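Heads up: the protein sequence lines correspond to chains Y and G, in order.
Basically my numbering = 1-based index in the first sequence + 8.
Basically my numbering = 1-based index in the second sequence + 2.
Simulated from the structure, these hints should not be mistaken for lab results.
One or more hints might be untrue.
[As the list claims (entries may be wrong)] Computed Cβ-Cβ distance ranges for the label pairs, DEER-style:
1. Y:T77 <-> G:A73: 46 to 56 Å
2. Y:N35 <-> G:L10: 18 to 28 Å
3. Y:K51 <-> G:F38: 36 to 46 Å
4. Y:H49 <-> G:A41: 25 to 35 Å
[Claimed, not checked] So these bits of chain G aren't anywhere near chain Y, every CB distance computed over 10 Å:
5. K66
6. D67
7. C86
8. K94
All of these numbers come straight from a predicted model, not from anything done at the bench.
Every residue gets a Cβ at the ideal spot worked out from N, C-alpha and C, and that includes glycine.
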Amino acid sequence: MPTLHIVRQSAFNSDDFAQCLQVLRNNDVIVFSDDGCYNLHHKLINTIDSKASIQLNVIDKHAQARAITIDESLYSIINMNDLVNLTLTTDRVITWQ
Amino acid sequence: MSTSENKLTAILNAKAPYSNAAGKDALDIALIFGSFEQAISLFFQGDGVYQLMQGQNGTIISVKDYLKTFAAFEFYDIENIYLCQESLSQRKLSVDFHIEQVQVLAKTEFADKLAAHHTVLRF
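Using the sequences provided together with the hints, build the complete structure.
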């Protein structure tokens, strides 16, 4: 029953990502999109339990455009088509914006 | 996948009441669902918990006080109202709401309850 969380705001600017983490469950999927890509280097990212099997994804162009470095051992780099597919393979979508 | 008969919709409120229209928009949608006898659950998280706190009066700052309409939830059969305990304590608020049927849930219970819904609309 995974939930797809689309995170579109920087945690440096809003509480949205923190609220997303409050309701995050094992096996959920996160996509960092738009200013949400800045969260890759926010300290909150380290609070995600590595044992919780959370899938972390970043929209390629959104991170590239912002010159955000991506640790490819931690994040899958995806495009908009992949995002659409994720909406089909998960049970619900919550957009944090 | 579930059948359409038991699809559950949740509204996740995350904004304080008076500085934007998010809370009012969420309320309108909740009441429309209620009018058509469609099940709807309301969740309050983050600054959204301020919408439920007792003693508010928007008229002092010339804002139409939509919070008073929350009292009508019972007539619309909106009974599932959940609030995140962690958001409450982060804001040093105590359990003192202007409506009665609020269920305060710990973080994981709140997450589990939200995940029991098929559609989540966040305001």
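Here is how each hint holds up against the structure:
Between Y:T77 and G:A73 the beta carbons are some 51 Å apart, a value that agrees with the proposed interval 46 to 56 Å. Distance hint check: the CB atoms of Y:N35 and G:L10 are about 20 Å apart, consistent with the given range 18 to 28 Å. Distance hint check for Y:K51 and G:F38: the Cβ-Cβ separation is about 45 Å, which falls inside the suggested range of 36 to 46 Å. Here the CB-CB span from Y:H49 to G:A41 is close to 41 Å, at odds with the stated 25 to 35 Å.
The Cβ of G:K66 lies farther than 10 Å from every Cβ of chain Y, with a closest approach of about 25 Å, so its non-interface assignment holds. Against the 10 Å criterion, G:D67 stays outside the reach of chain Y, whose nearest CB is about 25 Å from its own CB. Its beta-carbon lying about 6 Å from the closest one in chain Y, G:C86 breaks the requirement of being farther than 10 Å from that chain. No beta-carbon of chain Y is positioned within 10 Å of the beta-carbon of G:K94; the least distance is around 16 Å.
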